[in-house]
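Colleague: Could you put the whole structure together from the sequences, leaning on the hints where they help?
Quick mapping for you: the protein sequence lines, in order, are chains A and F.
Letter 77 of the first sequence, counting from 1, is numbered 76 in numbering that gives the first Met the number 0, and no numbers are missing.
Letter 78 of the second sequence, counting from 1, is numbered 77 in numbering that gives the first Met the number 0, and no numbers are missing.
Keep in mind the hints are simulated off the structure, nothing from the lab.
Careful, some of the hints might be misleading.
Covered stretches of chain F (in silico footprint by chain A; criterion: 3 or more residues with CB under 8 Å from a CB of chain A, positions within the stretch not fixed) [unchecked claim]:
1. 0–12
2. 74–81
3. 86–95
Listed next, with one range per pair, are the computed distances between beta-carbon atoms [said to hold, decoys possible]:
4. A:L131 to F:A114: 40 to 48 Å
5. A:E110 to F:R13: 51 to 59 Å
6. A:S130 to F:C171: 46 to 54 Å
7. F:Q192 to A:S9: 54 to 62 Å
8. F:A114 to A:P105: 32 to 40 Å
9. F:F8 to A:R172: 37 to 45 Å
10. A:N64 to F:A114: 18 to 26 Å
11. F:K5 to A:G295: 45 to 53 Å
12. F:W221 to A:L131: 55 to 63 Å
13. F:R13 to A:R177: 31 to 39 Å
14. A:R75 to F:S82: 20 to 28 Å
Negatives, chain A to chain F, calculated, CB over 12 Å [said to hold, decoys possible]:
15. E23
16. R59
17. K120
18. G179
19. S215
20. G255
21. D261
22. A263
23. V270
24. E292
25. L293
Every residue gets a Cβ at the ideal spot worked out from N, C-alpha and C, and that includes glycine.
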Amino acid sequence: MSNAAVIQTSKLTKKNRIHELDLEVREGEIYGFLGPNGAGKTTTLKMLLGLVKPSAGTIRIFGENPAKHRSAILRRTGSLIESPSYYGHLTGLENLRVVQRLRDVPDKNVEEALRIVRLEKHRDKKAEAYSLGMKQRLGIAMALLSFPKLLILDEPTNGLDPAGMEELRELIRSFPERFGMTVLLSSHLLPEIEQIATSVGILNEGRLVFQGSLESLRARNRGELRIATGDNAAAAELLTTRGLRPELREGRLVLGPLADRDVAEINRLLVARGIPVTRIEERKKTLEEMFLELTGRERSL
Amino acid sequence: MIRVLKLEFYKIRRKKIGLMLLLLLAAEMMWAFMSTSVSISRNPDQAVWASILFTTSSLNGLFMPMMTAIVVSRLCDMEHKGSTWKLLGALDVSRGRLYAAKYGCAAVLLLLVAALQAMLMTAFGLTQGFTDKFPVEWMVRYIAGTTLVSLAAASVQQWISMTVRNQAFALCLGMLGSFVGLTGALFPEAVRQWLIWAHYLELGPVTLRYADAVGSFAAQSWSPGVAAFAAGTALVCFIFGSLHAGRKEL
Numbered sequence: 000m001s002n003a004a005v006i007q008t009s010k011l012t013k014k015n016r017i018h019e020l021d022l023e024v025r026e027g028e029i030y031g032f033l034g035p036n037g038a039g040k041t042t043t044l045k046m047l048l049g050l051v052k053p054s055a056g057t058i059r060i061f062g063e064n065p066a067k068h069r070s071a072i073l074r075r076t077g078s079l080i081e082s083p084s085y086y087g088h089l090t091g092l093e094n095l096r097v098v099q100r101l102r103d104v105p106d107k108n109v110e111e112a113l114r115i116v117r118l119e120k121h122r123d124k125k126a127e128a129y130s131l132g133m134k135q136r137l138g139i140a141m142a143l144l145s146f147p148k149l150l151i152l153d154e155p156t157n158g159l160d161p162a163g164m165e166e167l168r169e170l171i172r173s174f175p176e177r178f179g180m181t182v183l184l185s186s187h188l189l190p191e192i193e194q195i196a197t198s199v200g201i202l203n204e205g206r207l208v209f210q211g212s213l214e215s216l217r218a219r220n221r222g223e224l225r226i227a228t229g230d231n232a233a234a235a236e237l238l239t240t241r242g243l244r245p246e247l248r249e250g251r252l253v254l255g256p257l258a259d260r261d262v263a264e265i266n267r268l269l270v271a272r273g274i275p276v277t278r279i280e281e282r283k284k285t286l287e288e289m290f291l292e293l294t295g296r297e298r299s300l
Numbered sequence: 000m001i002r003v004l005k006l007e008f009y010k011i012r013r014k015k016i017g018l019m020l021l022l023l024l025a026a027e028m029m030w031a032f033m034s035t036s037v038s039i040s041r042n043p044d045q046a047v048w049a050s051i052l053f054t055t056s057s058l059n060g061l062f063m064p065m066m067t068a069i070v071v072s073r074l075c076d077m078e079h080k081g082s083t084w085k086l087l088g089a090l091d092v093s094r095g096r097l098y099a100a101k102y103g104c105a106a107v108l109l110l111l112v113a114a115l116q117a118m119l120m121t122a123f124g125l126t127q128g129f130t131d132k133f134p135v136e137w138m139v140r141y142i143a144g145t146t147l148v149s150l151a152a153a154s155v156q157q158w159i160s161m162t163v164r165n166q167a168f169a170l171c172l173g174m175l176g177s178f179v180g181l182t183g184a185l186f187p188e189a190v191r192q193w194l195i196w197a198h199y200l201e202l203g204p205v206t207l208r209y210a211d212a213v214g215s216f217a218a219q220s221w222s223p224g225v226a227a228f229a230a231g232t233a234l235v236c237f238i239f240g241s242l243h244a245g246r247k248e249l
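Modeller: Here you go:
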């Protein structure tokens, strides 16, 4: 599938924060924009929306340059950036009316947006009295109000309880099919992106360290072979003479990815030399480990 | 632009701006009416339109800077509190348009205050049975002069309110303005001419002239210099304030 690119950036740069970003979000995708806190996700999204000026590079959204066609692009884009923005003294419904007036959309959109985020019962309550989750849902309703072609959500599950997170995930998953939307979703939580996204971009310290489908990210993980023997030193020496480069780690000889045939040959060789083979394991990294490796962070995010 | 301006009026619902203005207006007008009534009871010659116009113009120096600060601060504070700059920016409402809409909204409210003052003064004059003819031109001049000075003060206030999140600064400036407005006549001319809040009386239609230690009301001609200074202040502060607020990244 190669749908048209809805968002395309080339060498997008913001001084000291974002470095030569080449982002590509295709039509109908749910693009997970992943990165640890402070990686530059929000700055990038703000640049896409024209809220922050890039220092260098180009942006094309719907094939158009935002610097020249900002209004036309924003008419087709809904967004929720950082914490939800709202007028606390106004009710949920009145907050939506503010956006409705600016978007010039019919009343039925307001009703539909309230229904989708399940705020109908709280529509007449002041937004300042909403819980964080309700505020987040109000923000999403505001972004959805014109049922835009492109939806940009910055950490939309922040502050939600697990049930709310799951509910929101299901909702977002349904957008491309129900409304023909393309969704760009940022998060610092890999499991969240893993469950929703069809494509992923991983940002670390302002640089895009991976971009592609989740399958291609998984495919990068070719795993490693770990062999435990009765005499690891002798086994390592033997395997080295055969052109392999085993590493001794945690009482195992660690080799790179090998074909089944090669694994069988190694086993036969070791046994033939009288070195007992006690374990042969293949270990693949979890996405979490790959993410941590790509972002260079091994501690909790 | 009209859409964004209308939206400002929609957004200020429940902000109680009207109530606050009415309370301050009530305090000011009660003060003016009581003071004028006392003067009339002591000297029946004071039962003329000039007396209430002069008293209200002088009290405006104290009350209008406060009202202006409150109106502008409430208008700007709701955007700071709700972090709605990003929301509006992403809805293609530029800071410049928003700035102009807020200024427009404040201008309409302040014009209404001046118009309401004129109506209340008219009602007071009619009930007191002022002896001279109802001065239509003076009333129009009063509304124009009061609004013009308030617009200049509002442009200074809005610059602060839009760029400094903590509205305590803006309200302090309003209080300072009230102090200057109240004591303006005590400042030397060289200083007073630069203090925008001290000009309510100078752009009013009536002044007080003293001869042999006796003060009497006299018509005051429209001062193009003061009016130009007020309009210039409003324009310059509006332009620089808008540019300054627009330059801040979200």
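Colleague: Just pull the numbers of the violated hints for me, sorted ascending.
Modeller: 5, 6, 10
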